[in-house]
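First to last, the sequence lines map onto chains G and Y. Heads up: the first sequence is residues 1 to 308, going by the working numbering. Heads up: the second sequence is residues 309 to 567, going by the working numbering.
Calculated directly from the structure, the hints in this document are not laboratory data. No residue lacks a Cβ here, since even glycine has one placed at the ideal position from N, Cα and C. A few of these clues could be false.
What the hints assert, rightly or not - Quick partial rundown of chain G residues pointing at chain Y, CB under 8 Å, derived from the structure: (1) I54; (2) I81; (3) L88; (4) Q96; (5) R148.
What the hints assert, rightly or not - Once the Cα atoms are required to be at most 25 Å apart in a straight line, the calculated SDA-like pairs of lysine to any residue come out as: (6) G/K13 with Y/Q558; (7) Y/K410 with G/R95; (8) Y/K310 with G/R91; (9) G/K138 with Y/K410.
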Amino acid sequence: MAHAIETHGLTRKFDGRVAVDGLSLAIEAGTVFGFLGPNGAGKTTTVRMLAALIAPTDGDAIVAGHALGVDDTALRRSVGILTEQPGLYDRLSARQNLRYFARLYDLEPARADAQVERYLHLLELWDRRDEPVGTFSKGMRQKLAIARALLHEPTVVFLDEPTAALDPEAARTVREFVKGLKREGRTIFLTTHNLPEADELCDSIGIFQRRLLRMGSPRELRAGLFGAGTVVRVVGDAARYVPVLRALAFVREVRAEGDTLTVQLDDPDSRNPDIVDALRAAGARIRYVERLQHSLEDVYLRLVGGHA
Amino acid sequence: MKKALIVLEKEWLELRLQRGLLLATLFLPPVMTVFGVVGFFAVGKIPASTIPQGGPLPPEFALLSPLEIGQAIVGRQFSILFLLLPIFIPSVLASYAIVGEKRERTLEPVLATPIRTWELLLGKILAALIPALAITIASASLFVAGILAFAVTDRVREVIVTPGWILAVVVDTPLLALIGVALIVVLSSRVNDPRTAQQFSAVLVVPVLALLFGQLAGVIVLGPGLALGIGVVLAIIAAGAVWAATRLFQREVILTRWR
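The following block holds chain Y by itself, in its conformation from the complex (with noise of 0.2 Å):
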């Protein structure tokens, strides 16, 4: 354990000297939350005359005002930010820890010490995890405090920071983000450059834009059952990944078959 930590601070060490990297990935979400807060704010602000009506609706929003379906529509979109976040960061971090080490070939000198492989594995999951997870939270919480700050009404903070959203971000985003990761190792063994092994990843994307339309359009709700019953699919599908990422990363696979 003590060398995963070792790897741990190092990987946050090469973090803090790429600027674009550490610019893209930790600064970017609390800015991303910013925008969504001001932008929640502003549309509290406006006329209740000047906001368009019709379209599909969440059942939820049938008794809001128009003023109160206005807000409730941003904040349910920069709501699903916070279940993106965890699948892009990690990502990204450790597609330049991993694929990124590989290509410079610098896992074999790292290989030759006694580090045990999966100290080796946990320190780069580690450090790409901690730092998603930590700004995910701290910017899911920023957002909330704007929510309870600038909502019109109770009913609009109601229909946006629901039970079914605080889990979805507590239980679910660790997951997507393990599975992101873990995805990146398996993809490690076949690609070289980090930019590949991301648009791979991005696939992950998809089931939690579905999730974001399917809100929008009234066809699904996030109630808590349904954020543990995905918490649940994502955990098996976690377990599989980190199994499958665990088999690639040994030294022998490393070494004879990653090309």
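Bound conformation, chain G alone (with noise of 0.2 Å):
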């Protein structure tokens, strides 16, 4: 599949300070990307490169087939950005704003209003387009700067912190939009603190602070950091069972407390059939079976947290 966005070495500098150090990273076309980091981590700063906002002190980038300084025109023209602030014109009314943002986008005034009034529907807006938006609240304030993001069809999206400070149903409808936008086939560049959102809605996760401490699923973030493995629930006292599981050659550690058993192995897939065989074997009755799960914040803290 062809990359949307590959980063070579991507560096930014402040007055000697290193806000982004030596990037790389490749993003798959038609997917959305999560990029997790804590505030500071230079987030921000990577979008507005990767948007052709501001340029690298160093390195380079391709942003939809668009390298980076050549061109940032036409860059800027097949992206499209949600910025940290939806920074609108409070006194224009929605259909103003967007109208103002379509022209600038380079649509034609009749094509412009085509797309306006499209987004204005799409994103529930359509009823209040002629009020101005400083009588919005922040969930259709975030709508609309989504909206506007999206005006010229963009097939990389950066979207910064697109549910924060969004209540639970505003947030909600924001995730479903996009959803719907990498159904689509767009490429989407998500930052976000929000990690059940990013396990939810990313096919892939950069975790972030200056430089990319790691990159992978959400899956294979886990199992990278924590290992594979698998709970098993018996009746009575599991810890009798633990000799039992340690002599299989593939499982790398057992652990028991009350009536679970917790087993690390690597391929928990193609193994969990033969520890239900050897417990089963020791006369263990079970009660279940199930991944080992750890959270996407598990992963978030032990890196960053690691790094602070």
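Once you've looked at the hints, go ahead and assemble the two chains, each given alone in its own frame, into the complex.
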């Protein structure tokens, strides 16, 4: 699959201070990429570089088929960006706001009007189209800012904390909309502090703190950091079955707590039947067998905490 | 250039929605002009004996009667208004258009579009300059019509509507306006309140007021030569100010240096 975003050693310094240090990544087209990191980690600086708003100090990148620094105007035409702050003109109506940006994105007036209408309908703002944006709620403003990022139908969309400060209902609407964008084949570069949201939406995730600490699918990140595992609940005290499992060559570690056995191993999908057979042979009565789950938050805190 | 016009159109749309700003900048000048013309007319109707005499006067007032002097002084004072308006109006409009946009954090989404920064800057400068100059020229024309209609003699007309004053309005005021807008752009990189930017840009009024008092005291005669000389100096200052403004109005600088 082609890459929508590719960076090589992307670096940005401000007066000698390194904000982004040698970022190299490749994001497949049509996927959602989550960019996670603490405040001040350099996420917004990275987005600004990739959207050709500021120049890198070093390194290079190709975004939506355009090399950074070659024809940045064309690059900006191919990407959409939801900035950290919605940045809307409060005195203008929703329609006037969008029409202005549609024309700045080179849409002819008739097409601009059609696109404005389309996105106002899609984001359920059509009924309030002629009201000043200053009267809108936070959720409505955020939806309008998302509409603005999409008017010109970009193939790559940068969303900087799209659900921050939204109520749960508005946040869910935005998340569903992001899923819709993915179904349309767009590439989404999502920065967020909301880890369950990243887990739900992202195909791959980069954990970043001035430099890329780890990248992979949510599942790969969990497995890579904590290893894979299986949790088995048995009838009675689980401790008596620990030697049985330790005798299996593929088991790396076993812990027992009450009626629960936590087994670390490399390939649970193929080895779980062997574990069940061994336990049953030892006389165990099995209640449940389930995958050992670590949350993305565990992964994030382990990585970011280790580099704080 | 097309995008500069799109920016200009949006600026004027926002201006139309700001009643207070619109009244203060675009409707006040004609009202003040009418006030000046009425005052000029009224002075021409009062008995000459009631006009106080004495005090320093410009040399060209030497041959005028007390009644003519009364009208000439009122006319001269109001004529300076048309050198002040082009500083005041575009500074106010530009401060809201640039500092206001910075404060509302609307610049970044605009800079993320394919617009070039010079197009954005040009759109904002024109949006402030065009109404300011249009209202100044319109008000000055109204003022001239009033002077021509209500002057008690031709000599009064000649000491107010001079070639030097006309040249100053036509040549110097657009340059002053441009300097005012450029100064606002420079200040925008440091201040977050449009009113603060306006206060700083008010320093431009000082040389114009010096011209006014110099004329009234008879120290300065605003002839065509002086008006053109001032124009040359202003053009040099305007070029420097626009250069500085252009250097500060770049994506990179706005997003990383403006505080």
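Taking the hints in turn, this is what the structure says about them:
1. Checking G/I54 against chain Y: minimum C-beta separation of about 5 Å stays under 8 Å; hint holds.
2. With a least beta-carbon distance of about 5 Å to chain Y, the hint placing G/I81 at the interface is held under the 8 Å criterion.
3. Proximity of G/L88 to chain Y holds as hinted, the smallest CB-CB distance being about 7 Å (cut-off 8 Å).
4. Evaluation of the G/Q96 hint against chain Y yields a held restraint, the C-beta minimum of about 7 Å falling below 8 Å.
5. Annotation: interface hint on G/R148 holds; nearest CB of chain Y at approximately 7 Å, less than 8 Å.
6. Restraint check for G/K13 and Y/Q558: satisfied, since their Cα atoms lie roughly 18 Å apart, inside the 25 Å limit.
7. As the CA atoms of Y/K410 and G/R95 are separated by approximately 22 Å, the hinted pair is consistent with the 25 Å bound.
8. At most 25 Å may separate the alpha-carbon atoms for a hinted pair to count; Y/K310 and G/R91 meet this at roughly 24 Å.
9. Taking the CA atoms of G/K138 and Y/K410, the gap is near 20 Å; set against the 25 Å cutoff, the hint holds.
In summary, the structure agrees with every hint in the numbered list given earlier.
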